[in-house]
Amino acid sequence: MNATSPAAAALSREHGLELLEGMLRIRRFEEKCVELYGAGKIRGFLHLYIGEEAVAVGVLRALAAEDAVVATYREHGHALARGIPMRRLMAEMYGKREGCCRGRGGSMHVFDAAVRFYGGNAIVAGGLPLAIGIALAAKLRGENTVTACFFGEGAVAEGEFHESLNLAELWRLPVLFACENNLYAMGTALERSESETHVARKAESYRVPAATVDGMDVLAVEAAASSAVSAIRAGAGPQLLELATYRFRAHSMFDPELYRDKAEVERWKQRDPIPALAAGLRDGALLGDADVAALEAKIGRELAEAIDFAERGSLEPAADLARDVYTRQAEP
Amino acid sequence: MSGARMSYREALRAGLRDALRGEPRAFLLGEDVGRYGGCYAVSKGLLEEFGPERVRDTPLSESAFVGAAIGAALAGLRPIVEVMTVNFSLLCLDQIVNNAATIRHMSGGQFSVPVVIRMATGAGRQLAAQHSHSLENWYAHVPGLRVIAPATLDDARWMLAAALADPDPVIVFEHVLLYNAEGELDPSITAVDIDRAAVRRAGTDVTLVTYGGSLPKSLAAAERLAAEGIAAEVVDLRTLRPLDVEAVLSSVRKTRRVVVVDEGWRSGSLAGEVVARIAEDAFYELDAPPARVCSAEVPIPYAKHLEEAALPQPDQIAAAARRLLEG
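Protein chains in written order, with the numbering used here: chain D, 1 to 332; chain H, 1001 to 1327.
Isolated chain D, as found in the complex (with noise of 0.2 Å):
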């Protein structure tokens, strides 16, 4: 699919505007990491999602609000796009205790119990277990909620990918596997550590239901999760997303690049999802240079108060160091 692609015809112009606001938010609050981690305000590992904001996005978009999310160490996106409030993610980053996780986790280790989110993952595959286990008790419960699960094409080398779709569909799980293919796990090419190359056909050999996915088309994967996500609430079984996309930055800020071409980086960025909405948005007349001026001035006005928020958040006392290792705290 491309810019201009015929659902975008069929959208109304409130819905296209959001999945624009949700993607140029992600960006503008990442960029602007990047520039705090040069001033070192934000410190530790900084994986950024730029290039992939309409996976989670499009995705996020298909999911109830009682819905379950387990997400990777690339998770800025993931987090906006649930609704993790950016002033609280901003804190986090500065290590704050007003921060989402009181400063704990950082970059990598985002949860928010209030919109249900769990982690923020940093080990490669680590989280799909977990997220079997969240959509067994909501299959024990009798709840019809769906758990998505976000993990990079890295995860499927791991064992824990192998054995949590067996799971999944062993037990009927209701899991929404949503696989971002960037074609590099760090540095290692898909092609140069998989025999077998589609993440869908993996799924299939679980008896999995999967579906390829052009992840730099939000409208794509917002269709594609849909209908994933309906197929979960009927009973379905677990359903895994292969959405292909690309990561524009390197994989974190240590990272010379020295394992691709620039001129496929190019290439992707031709691809930029957000200009391609765009296009797509003002082919169709739903979208005016004053409308993106307005969404850049409302997202300005949020960072800029996420910003100082973080900057007028207080340091945990050192002597509150052990607080939360333990639930009822006695440890000598």
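Simulated from the structure, these hints should not be mistaken for lab results. Source: prediction; values computed, not measured. Backbone N, C-alpha and C define an ideal beta-carbon position, used for all residues, glycine too. Check the hints yourself; a few may be wrong.
[Claimed, not checked] Listed below are several chain H residues computed to face chain D (Cβ distance under 10 Å; list not exhaustive): (1) E1053; (2) R1056; (3) T1058; (4) A1064; (5) A1068; (6) A1072; (7) Q1095; (8) N1098; (9) H1105; (10) F1111; (11) S1112; (12) D1168; (13) A1276.
[Claimed, not checked] Using C-beta positions, here's what the derived DEER-type ranges look like: (14) H:N1180 / D:R207: 40 to 46 Å; (15) D:R328 / H:L1060: 30 to 36 Å; (16) D:E257 / H:E1048: 58 to 64 Å; (17) H:Y1036 / D:N144: 31 to 37 Å; (18) H:R1266 / D:R207: 29 to 35 Å; (19) D:A319 / H:A1231: 41 to 47 Å; (20) D:R192 / H:L1090: 24 to 30 Å; (21) H:P1143 / D:N144: 36 to 42 Å; (22) H:L1060 / D:A294: 53 to 59 Å.
[Claimed, not checked] Going by beta-carbon spacing under 8 Å, a handful of chain H positions derived as facing chain D: (23) F1027; (24) P1059; (25) S1061; (26) S1063; (27) F1065; (28) A1069; (29) I1070; (30) D1094; (31) R1104; (32) Q1110; (33) P1143; (34) H1305; (35) A1309; (36) P1314; (37) Q1316.
Using the hints, position chain H against chain D.
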């Protein structure tokens, strides 16, 4: 009044049955816990009583089913997982150490992980080097976990309820040589405190600190010492993390001599941690250097005489105690 006579295995099963009856959020899962009745027959009969949803057989996928239990706990259930042996638990070490132990802290206190993970441990059944190790201390090293080791019939009967009531992950180590041990339950006990160590035999001359499968051996050693006029006090740690250091110190301050008995390997052992705590807090109250009796530093061998030679035995424990008194 005398209590019901049963085996350690049956006591564990009674604890599981209580949990499944009394806690609607509890369910048991693991390899062969259902139709087979459990690798060590602990869960025999529970499938018939509670059905396949609550006594759930799993594939041989330790990482996935232990991780699933952690996920179910995050979502509000109270899963009890059986991992066949501690050696197999290395296949799910990632889930236990990187998820169960960390999520409470990483999430800034938003999520607790109330999961109970039971596993068999220890040697003595000639199962050789991939089924016989005592890696309790690997888990006891990790903040965020509670580690317990029922060594008596009453603890086998009642510790699970306490573990299930704990809001954080609890690892339960069941020593393979204890499963067949029989005795009478103390009818006065209907609950146990998993925060406290227990004095299993009182004495004044030397303290034997131990846990799990080494408790019967330490008690046997104490019996031999008693015949020689040496009164050994035996302290059962019961909880390996957090350690009840006060109970150990209180006994050692009285006897002024201590032998720590631990089926783990000596290097980097739990016994080493116990000795370090004693040295830090009661050094000047000791009349002799602390001693350790641990397993020989070899992968546990198959042949009976070699396996016996590798493990702490009552004779060695008694000899270690005697040396401290002769000192």
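Going down the list of hints, with the structure as the test:
no.: 1; hint: E1053; in the structure: holds, 6 Å
no.: 2; hint: R1056; in the structure: holds, 8 Å
no.: 3; hint: T1058; in the structure: holds, 7 Å
no.: 4; hint: A1064; in the structure: holds, 3 Å
no.: 5; hint: A1068; in the structure: holds, 4 Å
no.: 6; hint: A1072; in the structure: holds, 4 Å
no.: 7; hint: Q1095; in the structure: holds, 6 Å
no.: 8; hint: N1098; in the structure: holds, 5 Å
no.: 9; hint: H1105; in the structure: holds, 5 Å
no.: 10; hint: F1111; in the structure: holds, 6 Å
no.: 11; hint: S1112; in the structure: holds, 5 Å
no.: 12; hint: D1168; in the structure: holds, 5 Å
no.: 13; hint: A1276; in the structure: violated, 13 Å
no.: 14; hint: H:N1180 / D:R207: 40 to 46 Å; in the structure: holds, 42 Å
no.: 15; hint: D:R328 / H:L1060: 30 to 36 Å; in the structure: holds, 35 Å
no.: 16; hint: D:E257 / H:E1048: 58 to 64 Å; in the structure: holds, 60 Å
no.: 17; hint: H:Y1036 / D:N144: 31 to 37 Å; in the structure: holds, 33 Å
no.: 18; hint: H:R1266 / D:R207: 29 to 35 Å; in the structure: violated, 50 Å
no.: 19; hint: D:A319 / H:A1231: 41 to 47 Å; in the structure: holds, 44 Å
no.: 20; hint: D:R192 / H:L1090: 24 to 30 Å; in the structure: holds, 28 Å
no.: 21; hint: H:P1143 / D:N144: 36 to 42 Å; in the structure: holds, 37 Å
no.: 22; hint: H:L1060 / D:A294: 53 to 59 Å; in the structure: holds, 57 Å
no.: 23; hint: F1027; in the structure: holds, 7 Å
no.: 24; hint: P1059; in the structure: holds, 6 Å
no.: 25; hint: S1061; in the structure: holds, 4 Å
no.: 26; hint: S1063; in the structure: holds, 5 Å
no.: 27; hint: F1065; in the structure: holds, 7 Å
no.: 28; hint: A1069; in the structure: holds, 6 Å
no.: 29; hint: I1070; in the structure: holds, 6 Å
no.: 30; hint: D1094; in the structure: holds, 6 Å
no.: 31; hint: R1104; in the structure: holds, 5 Å
no.: 32; hint: Q1110; in the structure: holds, 4 Å
no.: 33; hint: P1143; in the structure: holds, 5 Å
no.: 34; hint: H1305; in the structure: violated, 38 Å
no.: 35; hint: A1309; in the structure: violated, 36 Å
no.: 36; hint: P1314; in the structure: violated, 31 Å
no.: 37; hint: Q1316; in the structure: violated, 30 Å
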